[in-house]
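Colleague: Since the structure of chain A is already known, use the hints to place chain B on it.
Read top to bottom, the protein sequences are chains A and B. Residue numbers are given in the UniProt record's numbering: position 129 of the first sequence equals residue 129, and the series is strictly consecutive. Residue numbers are given in the UniProt record's numbering: position 248 of the second sequence equals residue 248, and the series is strictly consecutive.
Calculated directly from the structure, the hints in this document are not laboratory data. Quick caveat, the model's predicted, so the values are computed rather than measured. C-beta: ideal position from N, C-alpha, C; glycine also. One or more hints might be untrue.
What the hints assert, rightly or not - Cβ-to-Cβ under 10 Å is the rule here; a few derived chain A residues that face chain B: (1) ASN72; (2) PHE425; (3) GLU426; (4) ARG476; (5) GLY483; (6) HIS552.
2 protein chains.
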Amino acid sequence: MKQYLKHHEWHIIEEGLDPHYNKISESVFSIGNGRMGQRANFEEEYSGETLRGSYVAGVYYPDKTRVGWWKNGYPEYFAKVLNAPNWIGIHITIDNQKLDLAKCKVEDFRRVLDMKTGLLSRSFAATLPDGKKVKVESKRFCSMANGEVGAIRYAITPLNFTAKTTLSLYVDADVVNKDSNYDEKFWEEVNKEATEGRAIVTAQTKKTFFHVTTGMQYVITNDGKKATFDRVNIELREKYAGNVIQLDLQEGKELVVYKYAAVLSSENHAKDALVTACAKVLTEAVAKGFDALFEDHARVWAHKWDGCDITIEGDIAAQQGIRFNIFQLTQTYTGEDERLNIGPKGFTGEKYGGSTYWDTEAYCLPFFLGTAEEKVARNLLVYRYKHLERAIENAGKLGFKDGAALYPMVTMNGEECHNEWEITFEEIHRNGAIAFAIFDYIRYTGDDAYLAEFGLEVLLGISRFWSQRITWSSDRNRFVMLGVTGPNEYENNVNNNWYTNTIATWTLQYTLDALNLVGKSNPSRLAEIIAKTNFKETTETHRWREIIAKMHYPHDEKRGVYLQQDGFLDKELLRVSDLGKDDRPINQKWSWDRILRSCFIKQADVLQGIFLFEERYDIETIRRNFDFYEPMTVHESSLSPCVHVILASKLGYKERAYEFYLRTSRLDLDDYNNDTEDGCHITSMAGTWMSIVKGFGGMTVKDGTLHFNPFTPDQWKSYSFRLEFRGRVIKVKISTDAVETELETGEPLEIFLHGKPVLLKK
Amino acid sequence: MKQYLKHHEWHIIEEGLDPHYNKISESVFSIGNGRMGQRANFEEEYSGETLRGSYVAGVYYPDKTRVGWWKNGYPEYFAKVLNAPNWIGIHITIDNQKLDLAKCKVEDFRRVLDMKTGLLSRSFAATLPDGKKVKVESKRFCSMANGEVGAIRYAITPLNFTAKTTLSLYVDADVVNKDSNYDEKFWEEVNKEATEGRAIVTAQTKKTFFHVTTGMQYVITNDGKKATFDRVNIELREKYAGNVIQLDLQEGKELVVYKYAAVLSSENHAKDALVTACAKVLTEAVAKGFDALFEDHARVWAHKWDGCDITIEGDIAAQQGIRFNIFQLTQTYTGEDERLNIGPKGFTGEKYGGSTYWDTEAYCLPFFLGTAEEKVARNLLVYRYKHLERAIENAGKLGFKDGAALYPMVTMNGEECHNEWEITFEEIHRNGAIAFAIFDYIRYTGDDAYLAEFGLEVLLGISRFWSQRITWSSDRNRFVMLGVTGPNEYENNVNNNWYTNTIATWTLQYTLDALNLVGKSNPSRLAEIIAKTNFKETTETHRWREIIAKMHYPHDEKRGVYLQQDGFLDKELLRVSDLGKDDRPINQKWSWDRILRSCFIKQADVLQGIFLFEERYDIETIRRNFDFYEPMTVHESSLSPCVHVILASKLGYKERAYEFYLRTSRLDLDDYNNDTEDGCHITSMAGTWMSIVKGFGGMTVKDGTLHFNPFTPDQWKSYSFRLEFRGRVIKVKISTDAVETELETGEPLEIFLHGKPVLLKK
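Excised from the complex, chain A in its bound form (with noise of 0.2 Å):
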């Protein structure tokens, strides 16, 4: 834990530049605008610690797959985030002493992510090794208006002499991955040019094709005149196209760099016409201006600012947190392009091959459901039913058939990126995660008709799935589940995890009434998909009730809490207090058999089964469950608190709650687990949504209708929040004292606090 990072409502603030902390820092200052985003490298050279990286929405190279030892049914390739083309750099030479804060004496260094506005700045004084010192204030953004564009003003003033300086300007696609398997170059050379003020290179990835034209343009003003150069010299290198402009820095004179980029991807655009389209943007760019550009990208940062932020008062820390959650969440995705999905590292780094995990639909639908239009949640859905063949197909390397559809564990197009057998074969639980989320959706929405759309047929791949996947045992006369994982990763392999067969059973059941449904409410699209998927309606809903009457779930009578999995009180039943300070976390402390064969718990698993379908279980029987395992928890996934936050408030256990939500808010911001460096944690971000909106505000959805039962942590005076719900915006404000909701806009809702009725009117 490190907490060097100003508090303050609305910015992070870094102050004086400690090398040790750089790469952290270059994660938490990462800005994006859903195509594209880079970490918060500086844009001069620096030779100090650091980890370059920009990355392009989408765009991903299938590295070859690296394992000790094969196992069949594994991925060939796993999809990797591309480090992609560098467009920040300004290379600054002065008097042949190149400008590398890791090697200058270094005054009034400060980073500022302005949130509200998405802005990246940093001021500094620098004095090179022979006493030529210069400030240096530059801002940089990814247009959220155009997500094709960003921008640098980058401004220099020689303090104390007057020298011939170099300054490259360029577009730099000759980058590496950090984690490439086989120290291999992901990208080739396809185009480049420059020309006096310009440069394109465009880039292939190898084996994906993905062309990606990154263009900078600029100009320069001295003293706020346009500057005049000595000469400009073109530079093409491999993979690499630039200016060279040698001028005069004049002692006391502000040089401004204003250096515009366009960053096209032939996701967008047709390949041959992908530069002529960087130029057309460039010019338009330049056209408009840094001022007008950043106008319009804080105007769009406003307008998603009125629907998703959360106020806390008298907590700034917790303030700044749930904001920096936000922040980041929104500039990852912004749900206007369906082929696109959320990162667990978004735009700030690299670590984890893929774009999709179980974490979008468990973790992140609910907060775009709750902060954004609609279609972005729903834009969410139709990503995975667009890989609904995919899917079945990985379930066939599996020895699946007949339409069984096993969504991937990571993915990026669809196919499997993971290899690890434990959790590639056998974390099967996300499966019903998928079905979960066009459930939660339905729900929240009200949108049935997605049913007959799209999500009957991801239903049926996924209940096909399960009836394939569960086994009956005659020796016990029940349906069981064998070999898998479930979200507690620290237990591989084991038969009849609780929450699995819960979610299968479930899926199968939600499948039967979604068969229902839509045959009442569009027969002929039910015909139609009966059709496309052979299905055999009798003998399959046959077997899937057989299966749902007759499921074995373990259970103990004499704690009265649902059992893990098979077996669990063979275990050690310690509790996480019981462990010492050199044991934590136990997954860097101890080997894996130790983890595995103890009774401790990475993030929620019965539990997160109990808080998926509360309705089932009384108070006692929550609260029975959440004793028992709450203690055995380590909490060693990004994914855990938020849960447990969630529980805890039913429960009325306050100030666990409030503990909880400290773990989750803050995790990169203080780097709670050592590991912001690789990245943020993205998705584990919109649990602390959910903590504050689901926990907190004890909101739910039923039948229909929104429920709140809210509290206010003790350490609060009050927080507020807005919710999308059926087009409606509802603002609803929770004190110590009193509860103000607000209909914003919409026609008048009815709600519920604490169980009573209450119209919401404007």
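Modeller: Chain B only, in chain A's frame:
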């Protein structure tokens, strides 16, 4: 399965060169002498499919581990058997055409391995592209009389021409390992020298710094007289030294190259003395000459065969099979060097790292007990004693303490080399095999003193491991063993594997017995061991007794069988005969999760325990377990069939026993598993020997006495073998109607035949 090799009692014969089979033949025809060996590569250049491999015992390289996802406790390095400098090369160029069998017309190709004398011969006629035709006869051996010496007699006769010819004779240390994780070369040059007639290269392994000095010296005759050369060039390249000789090949005249090799390693010589010693070995070898060296070598083989041969009358394929198994085992491990062990591929390939698996104790020990002097088996035990400290360190990495020892799954120098969590961390029954081997050795030899000298310390370390690894289940009121992989590796991370639980408590009891025995026979040594190991006799033995008394063993009352693990009956209980042809072998056709949740068994598991502790179980219990488990067993490990031969024999299932025998004895000769090209399955060859002696021969040792309950498979007339037993050599010949036993050397001995005492006298 391929059956291109000719059946012969003593020879392995390949007629005709089929390039598709070359790598298989290279494995099968491999030669070695316990210190070094190599695949049956051609001496001349060969541009076809080949895996060039030479190996020096005990020389390894710790290659950086490659895994997909790192887990705590994985070894950073993986000791690889090293492909060592190549000394066999004789490259021939005739009129600027290389003699390369991939580019010639080849006739009368014949490769023969004479197992009686350990001689590899090859003969062929080859027509070069321009029509020149030569006849070649080569012979090669690695001397069993002097482990550092190898020799080749390579005779070439031009049949239709006289031409300028170049011979290149060399030593080449610039070799690669096929399975290098990062395409690295593992050898560096230390020194090289070449004079006319001789070349010596010293290479060292990276990281481990083994030095291997490889020398060659040649003598060439032409038409029986010393050959004259036009010119001899010295050739020195990186890691390479040799001579290039220009001479005339004269039509009809036989040119014979005698190439002598000396291979010395720093394991046996001071590094700075290696080159001098190598030169001396070369000088002596040349002085002695090919024929005399061969005579010495063949004499050692004759002596070996005297002790270990098994003859079978009436079945040449079976005769060839068993001799091939014995031949390979004998040339892999001679028992002279207690630092060495029995690598899974011996000198026949480089697949699998490390040299030592539990195969050594569970399968190979009985072979060496039965066929070699006592010290050979004893050295195998001492090898593990010498690794005890490392085994304690290894257990420490997994969180065990106070002297608990976990022997590695795979090792070269005592350190763990394996990196699959479900094996490395969980296949802990290997520890039991190491304890059992001590018991087995003493049971067979009567060498009780071994306990005090070495055995007890190892037993204490292993028992301490079990004691810490076992968990008390309050819920069950029993001790349990969670998260293990049993011998059946088609189950991972199971609870209460019956075999593991059984061998664990057996170890605890045997250690208690051993403490008692050493306490009586050698109290001062016991005191010394207790002090050295800081053994808390009262508390530790108390816990062991508790575990023995309260261990949980899964059992099915209804069927009267032991259960392979908890929950085994949840599976769908199919039979292998229910599988389609497309399903087999399941480890190539099914994904891992499907294998895991199926009932199918890779190799004996419960039956392995019944085999080891046979005396505990009545015949009907054995029958019920065999009849339950064998039909579910796919025998996809080379170690599986032999245990089934032995149990089937005991149960009177003669036909089944013979079927299993066929699977094991000609596994490599017929390339049964389609993988012989990687090398032969050396360790399972000892299982073939056990199949005959313990299976058909029904040999057991009870209370220090040999018992035989033999039968003759219907396909055989008779079979006979010799056994070393407590200073005697006993010959046993079993035919359909009689059993002849004979004491060849040693004191009179009472044995039991079909339960009846027989006194053997000379």
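Colleague: Each hint should be assessed against the structure and marked as holding or not.
Modeller: So, going through the hints one by one against the coordinates:
| no. | hint | verdict |
| --- | --- | --- |
| 1 | ASN72 | holds (5 Å) |
| 2 | PHE425 | holds (4 Å) |
| 3 | GLU426 | holds (5 Å) |
| 4 | ARG476 | holds (6 Å) |
| 5 | GLY483 | holds (4 Å) |
| 6 | HIS552 | holds (8 Å) |
Checked against the numbered hints given earlier, the structure satisfies every one of them.
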